[in-house]
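J.: Below, each chain spelled out in residue letters.
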Amino acid sequence: MSGLTRTEVAHVAKLARLRLSDEELDLFTVQLARILDHAADMQSLDLADVIATAHPYDLINVVREDVVRPSLARDAVLAAAPDAEDGCFAVPRIMGEAP
Amino acid sequence: MNAITMAEGVRAGELSATTLAQESLEAIRARNDELNVFLHIDEDGAMAAAARVDDAVARGADPGRLAGVPIALKDNLCQVGVPTTCSSRILEGWRPPYSATVVDRLLGAGAVPMGKTNLDEFAMGSSTETSAFGPTRNPLDPTRVPGGSSGGSAAAVAAAMTPLALGSDTGGSIRQPAALCGIVGVKPTYGLVSRYGLIAFASSLDQIGPFAANVADAALLLEVIAGHDPMDSTSLPEPSPNLVSHLDDGVAGQRIGLVRELIDGADAEIVDAVERAAAVLAAAGATIVELSIPELRLGLSAYYLIAPAEASSNLARYDGVRYGLRVDADDVAAMNEATRTAGFGAEVKRRIMLGTYALSAGYYDAYYGQALKVRTQMRDAFRRAYEDVDLLLGATTPSVAFTFGSKTNDPMAMYLSDVFTIPTNLAGEAALSVPFGRGEADLPIGVQLLGPGRSEARLFAAATVLEDAERGS
Amino acid sequence: MTLPAGWEMVVGLEVHTELRTATKMFCGCANAFGAEANTNVCPVCLGLPGSLPVLNKQAVSMAMAIGMALHATIAPSTFHRKNYFYPDMPKDFQISQYDLPINSGGYLDLPDGSRVSIERAHLEEDTGKSTHLGVSGRIHGAERSLVDYNRSGVPLVEIVSGPDIRSAAQARLYASELRAVLIATGASDGRMEEGSMRIDANVSVRRSGDPFGTRCEIKNLNSLRSLHRAIEFEAERQVALIEGGGVVRQETRHWDETVGATSTMRVKEEAEDYRYFREPDLVDLAPDADWQRSVAESLGPMPAERRAAMVALLGQASDAQRDAIDVVIDLGLERYVHATAAAGGDVAIAVARVANELAAAGDVSKLMEDAFVATVAMESRGQLSATQSKAVLADLLATGGDPVAVAAAKGFEQLSDDSLGDIVATLIAAHPDEWARFCAGDDKLAQFFIGLVMRETRGRANGKAVIAELHARR
Chain W
157 MSGLTRTEVA HVAKLARLRL SDEELDLFTV QLARILDHAA DMQSLDLADV IATAHPYDLI
217 NVVREDVVRP SLARDAVLAA APDAEDGCFA VPRIMGEAP
Chain Y
8 MNAITMAEGV RAGELSATTL AQESLEAIRA RNDELNVFLH IDEDGAMAAA ARVDDAVARG
68 ADPGRLAGVP IALKDNLCQV GVPTTCSSRI LEGWRPPYSA TVVDRLLGAG AVPMGKTNLD
128 EFAMGSSTET SAFGPTRNPL DPTRVPGGSS GGSAAAVAAA MTPLALGSDT GGSIRQPAAL
188 CGIVGVKPTY GLVSRYGLIA FASSLDQIGP FAANVADAAL LLEVIAGHDP MDSTSLPEPS
248 PNLVSHLDDG VAGQRIGLVR ELIDGADAEI VDAVERAAAV LAAAGATIVE LSIPELRLGL
308 SAYYLIAPAE ASSNLARYDG VRYGLRVDAD DVAAMNEATR TAGFGAEVKR RIMLGTYALS
368 AGYYDAYYGQ ALKVRTQMRD AFRRAYEDVD LLLGATTPSV AFTFGSKTND PMAMYLSDVF
428 TIPTNLAGEA ALSVPFGRGE ADLPIGVQLL GPGRSEARLF AAATVLEDAE RGS
Chain X
59 MTLPAGWEMV VGLEVHTELR TATKMFCGCA NAFGAEANTN VCPVCLGLPG SLPVLNKQAV
119 SMAMAIGMAL HATIAPSTFH RKNYFYPDMP KDFQISQYDL PINSGGYLDL PDGSRVSIER
179 AHLEEDTGKS THLGVSGRIH GAERSLVDYN RSGVPLVEIV SGPDIRSAAQ ARLYASELRA
239 VLIATGASDG RMEEGSMRID ANVSVRRSGD PFGTRCEIKN LNSLRSLHRA IEFEAERQVA
299 LIEGGGVVRQ ETRHWDETVG ATSTMRVKEE AEDYRYFREP DLVDLAPDAD WQRSVAESLG
359 PMPAERRAAM VALLGQASDA QRDAIDVVID LGLERYVHAT AAAGGDVAIA VARVANELAA
419 AGDVSKLMED AFVATVAMES RGQLSATQSK AVLADLLATG GDPVAVAAAK GFEQLSDDSL
479 GDIVATLIAA HPDEWARFCA GDDKLAQFFI GLVMRETRGR ANGKAVIAEL HARR
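Chains as they are written, first to last, in our numbering: chain W, 157 to 255; chain Y, 8 to 480; chain X, 59 to 532.
Just so you know, these hints were derived from the structure itself, not from any lab. For every residue, glycine included, the Cβ atom is placed at its ideal position computed from N, Cα and C.
Capping the alpha-carbon separation at 20 Å, the derived lysine to aspartate or glutamate pairs in EDC-like fashion look like this:
hint, chain 1, residue 1, chain 2, residue 2
1, X, Lys522, X, Asp404
2, W, Lys170, Y, Glu354
3, X, Lys140, X, Glu72
4, Y, Lys380, W, Asp205
5, X, Lys187, W, Asp242
6, Y, Lys380, X, Asp342
7, X, Lys522, X, Asp480
8, X, Lys448, X, Asp460
9, Y, Lys380, W, Asp193
10, Y, Lys414, Y, Glu447
11, W, Lys170, X, Asp331
12, X, Lys187, W, Glu241
13, W, Lys170, X, Glu330
14, Y, Lys414, Y, Glu354
15, X, Lys502, X, Asp491
16, X, Lys140, X, Glu330
17, X, Lys187, W, Asp239
What follows is a list of derived Cβ distance ranges for each label pair:
hint, chain 1, residue 1, chain 2, residue 2, range
18, Y, Met419, X, Ala344, 36 to 42 Å
19, Y, Met419, X, Glu315, 54 to 60 Å
20, Y, Arg390, W, Arg190, 29 to 35 Å
21, Y, Arg102, W, Arg190, 35 to 41 Å
22, Y, Asp40, W, Arg162, 40 to 46 Å
23, Y, Asp271, W, Leu181, 33 to 39 Å
24, W, Val223, Y, Arg36, 42 to 48 Å
25, Y, Val278, W, Gln199, 28 to 34 Å
26, W, Val223, Y, Glu394, 40 to 46 Å
27, W, Val186, Y, Arg445, 36 to 42 Å
28, X, Val317, W, Val186, 49 to 55 Å
29, W, Arg175, X, His312, 27 to 33 Å
Here chain W stands alone, though its shape is the one from the complex (with noise of 0.2 Å):
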């Protein structure tokens, strides 16, 4: 068993930015716990060894050159803005700088 719990899917609902009621709370639990169990024959495999992949292919150094390309007119990108003020992005207060 996976052994999850109520509060750990809680805390995983506040990185996430979700809210879940007690009733999904209940649900997701129940539920997550079960997806996590069949991850179960997974891991009790020794892949101590195993190198991770994370790509299917082996491609290295895929750069490009540093040229300018046009940009997006702003009223353009603007126009899909839920709200707009001054040419920028308006959003509500914001609580706490960024880490």
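Chains Y and X: place on chain W using the hints.
T.: Below, chains Y and X alone, put in the same frame as chain W:
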């Protein structure tokens, strides 16, 4: 009419792209209310694209290899100015200011995009039932799902609304609906088709691919969209492969592995179809080798950690700041939370939660880290198999199209419907589903052909052998 | 200010420098400071759905140049995503390097002879910028914030020092030497006031000989002066806290320049869980020998070596001259000094003119080296006064040309010795008291007479010639 015939007719001046687009629009309108295939029908864009093709033909200019062929686009592909939602409330109303590379290539080849098709929200699902805009119905039996996540695109081709469609395949999202809708669907080698402009679900697994009613059309469409793109760092460096010219290469002399893990657990009628397909390939000169690749059994577990982990990060940007939905709140963090809570459906939330958990401090090694190692094992196992055989054969799905609601209450049951398709995505290799036989309620069965990276020509040739056998039967 | 006896501070610095590339790290938008808001943005740096990053080759070359200048090891590296929500970060993750940075190890030697180790210097992308609307213009109390993504995706290198620094003065010296090195590599303009170089400081204290204490990270240090003051404040705060029986909490603290104090921003328990994982949209980076060699070959000598060369030209250097040399090196204008030296000219004058007049001009493209050398020669021979020499240089900087012609056009004909003698004699006669004190040995009065002569000749006299004239008559 198939796509190749249409394009030839348009190029020869015998068919009008405008007429083909109008006929496509009529076919879409005739059944879209019933089937919910298209979320957005781009009539103006389609008619304009068709007019440009007719113009080019009239001027004597080359209108392109897909001249005048109507095509449906999965609604996770960006097309400038055309609403793109990923079937999510969180993106409702968003019109991208740029187009995906594949869309540019389609337009460059004279294809006529008809609009955007329904999918499971952010491509997370196997039935289109997680779409925020209602499920798509299977044109062959509207009480059943078309499969997913590219269910709308598969249904568009199955309902003859368009001869071609594009989907994306992260764990089977092209092959599974192709199988359930009785058409051809291809998951190309990772990196063969540019992902630029494909709204990411799981970046290391996602790949755009074609749907078509026949193998040759699918090959032509893939040729048009494949090839290196400098906008995608994971794009393979080589140009588009020659596929159409190899369709009739056959399978004589090839060794094809019938993989136990790719039929185990499938319904008897599916296993039967795969075995008959093996017999057809053998009759065409291939040597069938029965083999077992035990590592494939771990695919589902690894996939359901890797894909959600990447998704949890890819979907962080839907925060109500720059585009899409915003639900107001007093401060920006509360606004982010309110927006995401209202904008995402349950399945998307479930996977974001799962992925966030798998990456979080204290669990990374046990879950995500371990899954990446399993991925290595899976890739190595495939490579070992391909030292002995040229292609692999198995089922695409465990069953024919299922009915609505039959798996929605149990996420694990739904996930299991991708058990045969997921390993290819983890390995970054190529596979396709081709219709072969019929099962329960006369519903189509798809068999899956799998090959190593860059083996598309061989896959299409083998698929042609099966298709020819089906037509002859 | 020093800590109480028996206490020692331990400081490590994290310096972020923006790279002077033409375009951003992962897209072709211009990397430019000061443009109108949200005009240098595209699908990639706005994090629009479906967009993908492609790495800027020049950013990698510049990161390697920095690594080489810091004697670091360049190794195959990868990119990770650092996940956290913040409105100025359009993808809500930052692409950075994590366990495999492009540069690791290394050191920086400081002018005071100390050496600070470098742990790593890795590539990452910058965020956008937010402006806070409301009463104070600061983040607290703001009702709304406006976000500009022009800076989003600008390439950064973060240089992390070892915990080797033991005083605020040494921290400042490290930062200023690092800044000079960054400028010398061509990778950075070092403009702290524009935010192109930003510093975070990790500060802890301990009783000498004890293991490291708990550290606090201070953010928002955007000048060398702030760095110095903040570290002193923070070390003293920690010592006072411990001596008062308290315990230092690991936390992030904010430096307030106006108050002159640090305050708690975030304690460790609230620390984000960044969920680092490999960026699947980018491939590994492993610059081959050819690429590394081409970067190495483009690197000139570093400031320490260049500084020593200039001091050698001067013979010896006063503190003011050392400061002037730093300016010359910062601006990369040594060629004027070297040309002067090669022509046998007065290096001291050359250093002073470059560090002042040329530095102030900004653009020196119109000033030919031989014209500069000739101007310095005219000044050192007494054909131009210092004031006249500066005026000639100003003209040459603005429009180019030949200093002899410029001086002539301005009417800067040197006064003859005879006429200078006459003027000096007249002024001595008019100020007998001052002259008497000068003759009695009060050398400060020389300045008084020079001032009078300058006023009389409207700056055409040569100060040295006046002094010679005064001494001749004493």
